[in-house]
Structure formats: C-alpha cells, structure tokens
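Peer 1: Given the coordinates of chain P, assemble chain A onto it according to the supplied hints.
Protein chains: 2
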Amino acid sequence: MLVHFELICRDRESHARRGRFRTTHGVVETPVFMPVGTQATVKSLTPQEVEDLGARILLGNTYHLYLRPGAERIARLGGLHQFMGWKGAILTDSGGFQVFSLAKIRTIEEEGVSFQSHIDGSRHVITPEKSVEIQEALGSDIAMCFDECTPYPVTYAYAKASMERTVRWARRCLEAHGREDQALFGIVQGSTFLDLRRACLEQLAALDLPGYAIGSLSVGEPKEEMLAVLENVAPLLPADKPRYLMGVGTPEDLVEGVRCGVDMFDCVMPTRNARNGMLFTSWGSIQIKNARYADDPRPIEDGCGCYTCRHFSRAYLRHLFMARELLAYRLNTLHNLHYYLGLMEQIRHSLEAGAFAEWRRRFYANRDGGGTSD
Amino acid sequence: MLVHFELICRDRESHARRGRFRTTHGVVETPVFMPVGTQATVKSLTPQEVEDLGARILLGNTYHLYLRPGAERIARLGGLHQFMGWKGAILTDSGGFQVFSLAKIRTIEEEGVSFQSHIDGSRHVITPEKSVEIQEALGSDIAMCFDECTPYPVTYAYAKASMERTVRWARRCLEAHGREDQALFGIVQGSTFLDLRRACLEQLAALDLPGYAIGSLSVGEPKEEMLAVLENVAPLLPADKPRYLMGVGTPEDLVEGVRCGVDMFDCVMPTRNARNGMLFTSWGSIQIKNARYADDPRPIEDGCGCYTCRHFSRAYLRHLFMARELLAYRLNTLHNLHYYLGLMEQIRHSLEAGAFAEWRRRFYANRDGGGTSD
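Chains P and A, in that order, are what the protein sequence lines are. Per the numbering used here, residue 1 is the first one in the first sequence, and the count goes up by one each step. Per the numbering used here, residue 1 is the first one in the second sequence, and the count goes up by one each step.
Hints in this document: simulated from the structure, not taken from any laboratory. Worth double-checking, as some hints may not be accurate.
It does not matter which identical chain is meant; a pair holds if it fits inside one copy or across any two.
[Said to hold, decoys possible] Calculated cross-link-like contacts (lysine-lysine; reagent style DSBU-like; alpha-carbon spacing at most 30 Å): (1) K104 - K130; (2) K87 - K43; (3) K43 - K160; (4) K130 - K289; (5) K43 - K289; (6) K130 - K160; (7) K130 - K87; (8) K104 - K289; (9) K289 - K87; (10) K104 - K160; (11) K87 - K104.
For clarity, every value in this text was computed on a predicted model and none was experimentally measured.
The shape of chain P in the complex, shown without the other chains (with noise of 0.2 Å):
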C-alpha cells in the first residue's frame, strides 16, 4: 500500500511536524489543506486553478459519487481522476459522513447503513466492503475505512458501542481492500470520550494501516472539548505515519490542529463560505455583503496575491455578490482557497525555520487588532 510518510523535522515546543507524503498521483508537503471537491469538482473552480493556487491533493465525497453519477461509471470513464481532469492526489472519505448527515431514514446494522438517497430516495445499503468497493473504483490514492460519524452529543454507551463497531468495520474494510496503489486510512472514533478514543485508537493501530484519522470533531461540540480530544489523542497517533483531522476547520483550528501534531486537513468552510460571501483575511473574516464595502476600491486585503485581490475591489465582489453573479462564487472562492493554502504555506515554512511557536504568536496577534474587523 502506497503512502509512504517521510518525517522531516519536528517542532520543539509543541507535537507539531513538518513532513511529506508520496502518492502515484505526485508528492504532497504536510501539514496539507484538502480543498474538498465533493462531486468531482472544486466547486464553481476548474483543475487548473485549483493547481495553480498550489493544491496538491483534494477530497472526494463516496457517498455522493456513488449516488451521481455512479462509482462503475466513474470507473469505466477512467477512474476519479481522469473524469474530473485532476492530475494531483485525490482522498476519498468512506461515505459514513453523508450518510449520517445528508441520507434520509437510515437503519445502522452490524452489517452496514441501509439508507435513501438525498437525490430521489432510491434505498441503498452501503456496508464497509462496499465502501472499499467504491473507493476502488474512484481509484482515490487514500481511502478511508467506513465509520460511524457520531453526531454531539451521544452517550457514553453509544459512543463505546458506536466505536467498537467501527473498529470492526476496520478490520472488514482492510480484509476487503486489495488495490495496491491505493493507501487505506482508519478512523479514530469516540465522540468526546477520551478513554473511547484511546481505545479505538490502540485497536486501530493494530492494524498498521497507513495512515490513521481524528473523525468526528467540530460536530457541534464546544471548542474546548475538542480543543481536549486534539491535545490527548492526535499526539498518541503512530507517529511515523500522516495523521489527518477530518472535516476540521476554521483558521485557528487549523493552527491548533498543527500543534497537536496533525499533519492534514480537510474542510468545506473556505469553499463554502466563500459562496456565502465571507472572505478570509489574516485579521478575520469579512461579510462582502456588508453595505460598507459598496464604494470601497480597494482589494479584500492589501498585498494578498491571489487573482480576486490582484484585480478586483471590494465595490465589484459586493456587487457581483448582490447581483448573485456567477462570477462572484468563483473570485470569493479563489480568494479563500488561496488564504487556506498560504496559511498551511507559512506553517510550513516556520516549521522548517524552527519557529512556529513565533509564527503562531504572530498569527493571533494579527487577529487581535492587526487590522479591521467586520
């Protein structure tokens, strides 16, 4: 199984670390932002600029290729990569998270989830030897073990329950796997539980996967309780392989997740966000809407390189954004994948210099008052 981890320097004063993956589909630099291409495209971008903002690796959502257009389809057409012309790495998740969130009347079983599609309510049963299917099919480069997505908050029996499930779906989906270029990722669950997540995370790594996942997070539970699971669990992930805190977050998160040790992100926010007109700067965030913005020519934010602040002003994002402009969702979302890519750009480059404790100083005193608020 491909995925091979290389560890180039570590953080004295905190669990972060500065490494590299390789994938048959090119090399990635940790700590890494996914941008998620959920139904085979970055929404509203094309490959190519999603390359040229420096991503080297997205996610693809299973549950939603399986439903549209179809995992054989996909496959027959070429596999995930070639379908959506994107030349770098790709990271399926198993389906488990849509399936608990998006799929109506859904039945959780030993077996697997029977569910209805969001789309037109066909049924579907996706079981973890099915989730290994279909992500074979994708040909992703990482593919993730079908988990139970504990919603916040859950009680201490479910989530032991919950947990103990997916560690047997794990062993199902390493016995199902058999795609060789293709890295199979487990999934550490355990809702808030610290002892749960410990448990799961000593019976995972018992399978020497390569590569292991914090699920679960930043699903509604305090910033705190996350901020402990984080401090407690991503330290004690094996250390010699990428560690990856799935669907987590906003900036700060992201910096957080770093000094635990994370070493890959994925997220909808700066996508997402982006089409609801809230701009990432390094002081905060911006709403274009904001009547203030209507005269204002000057860039998002000053000196920030990307295509939107290189040649539009705020008066025009405001006005394609009122207008509901195409336009708008695409120059939103270049601005904020390019803040997200140069935000994990400048942690790496600290953690090579030996200063991210510095880097991180800096980072919240910019937020502090280094600029205006919206």
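Peer 2: Then chain A, alone, in the frame of chain P:
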C-alpha cells in the same frame, strides 16, 4: 467622436465586408461578435478568460448597471472598464430594450419612459438625456441612442409613431452627448415595415452619427420577416460606418447578417444557452443533459480547441450539469463563446481570402448532415 471605421475589403457576391474600428480601448476587427456582460460580468467568466477567448469588445447593459450598482458609483470607481477589470472596448445599450422587456408598469411619453425596477419596484424615469448621462458615467466606448424597442407584432400606426419618437429621441441624445472618447450610435426602428425602416434610416443618417444599428429584430417575428428587414435595410446603412445588428442571434443569423453587410453583433444566446446546457457545434447543437452522453468519453466537438473540449468529456459535463455544479455553467460558456468567436474569425478569414460564399456553403453543408445532431 471616436470609432474610426476602416473598410478592408468587400465580398464580390454579397454585401459582406471585412473592416476594423479603433476605440480608446483597442482595435476591433469586424465582422465581430460582442459577448454580453449584462451586470459588469460575462456570466461565470473572468475578464482574463473573455480576453483569452479572443473577445475585444463586450456589451454592457445600461438598465441593469443604472439600477445596480448605479452609474454614479461605477463612475466614482473609475468607470465600467476599471470596475469590471476589462481592458478591451465596451458598448453600452441605451437601456431601452430592458425597460420594455424587464421593468414593471412603464409609461412611454414624449419626454421619456417611467418604470419600476424589476429588482425592488423603485420608480425611475429614463429620458434620452438621462440615458446619455448614464452611458457617459459608465464610460463605454460606444453608447447607443435611447430608443423604443417595439414588440412584434405592432400595428403600422404604432410602429410609425414609435419610430418617429425614436428619431426625435436620437436628436436629443446627440444634443446631450458630450463625451469625446465615446461614440454615439443611432438605432433604426420601424418594426417589420420596410418603408418605416427606410424613413427612419434616412432621418438618422442625416445626423451623421459614427455608427448605426438595426433594433427590434429577433423579438418574435418569423425568420423570413427578419431576413426581409436585414436584406432590405442593412445594405442601406451608411457604408463608411459600422453597422450593428442588435440582440441577434443564432449562428445562422450571424452568417446571414454578415451577408447583408452587418459588422457587429451581440446576443445572449451563446452564454444563456450554455447555462441551460445547450452547446453549439459545427453540425448543430446538443443538449448535454441528454442521457446518451452519460458514458460518452468524447469532447463536445472533436478538434475543438477550447479549454472545455481539451480537458473534459461529455460524460463529465453532463454530470456537472445534472448536479447543478457551478463549473458546468463556466465550462459550457467557455465552449459556446469559443464557438461564436471562432465562427466570426472564420468569417473574417474567408472575407480576406475572397471566399465568403464558399465558406457559407460549407457552413450550411456541415449542418445538413456533417455530424451527429441532437
């Protein structure tokens, strides 16, 4: 007043002509197609993409820009070119067409037109003087005289009264117009009544405007009626000035317009139809949502040099369209504009080579069975 029109050559067998004109924002080779940038954006595309497609002049809509974000605001922000980041030339329509097709409760009087905004119901009056004032504030390279776009059908009496008012309005526009880096074109009206069209043309020609347009075609009249106006009116427009056929049309309409001596065209068809999934090819058009394309690995048209055809299959485009992905609208728009702009480039080359009639014969032969139609 700018716009220096130069006639390069004429077709021997028709009224077709190859020319060019200069504006303060570059040279425009004719016959030319102008993509429509209604609200200060060619829907879904960046100005860079529009330029890369080969467009050198865009159309902006006075009515839309006046209502949102407002012409004075655009003027404060440096004018329409700077506001939208477009380096090429811009032609603005007079606002007349949208007042008559989009606005609510309109009253036409000698002074001008009262109407309610289609966005928020606010009340406005546009007079010939106001239309010129707005277009001068926008700073387009070519402004259009305020006119009434008559619907089809209308009575002879109405068409006559309306045409005569349009002529009086044109005189007021010329009187009001002062911006020296902007050309003011007249619009020939008269519905499908050839004597009214000719009378209008004669009176407007006396004003010695730097360019002339034919308005109120492709508004519901039978194709033969449109062609009759084109064949009888276009060749009579002053030969030493650009001739512009407003809001027309299909690829065939463009070819026939050129044959009748038209130099400039604009139409929402390539961009709007793209967003509805209708894609143009040399043999006709296809509806990308058609199930037959679900597994089709071919590009929209073999040999097409557009970004979409160079990178993506019909199967992928169909998937994006069915999933209502934003990228669908972009990729379809890129292809259709490439087709329209490429068509005009072919026409220009055929005119330079003295081979327009032969080119036109092949154009129609291709459509009569040269490829698969949908």
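Peer 1: List in ascending order the numbers of the hints, as given earlier, that are violated by the structure.
Peer 2: 3, 11
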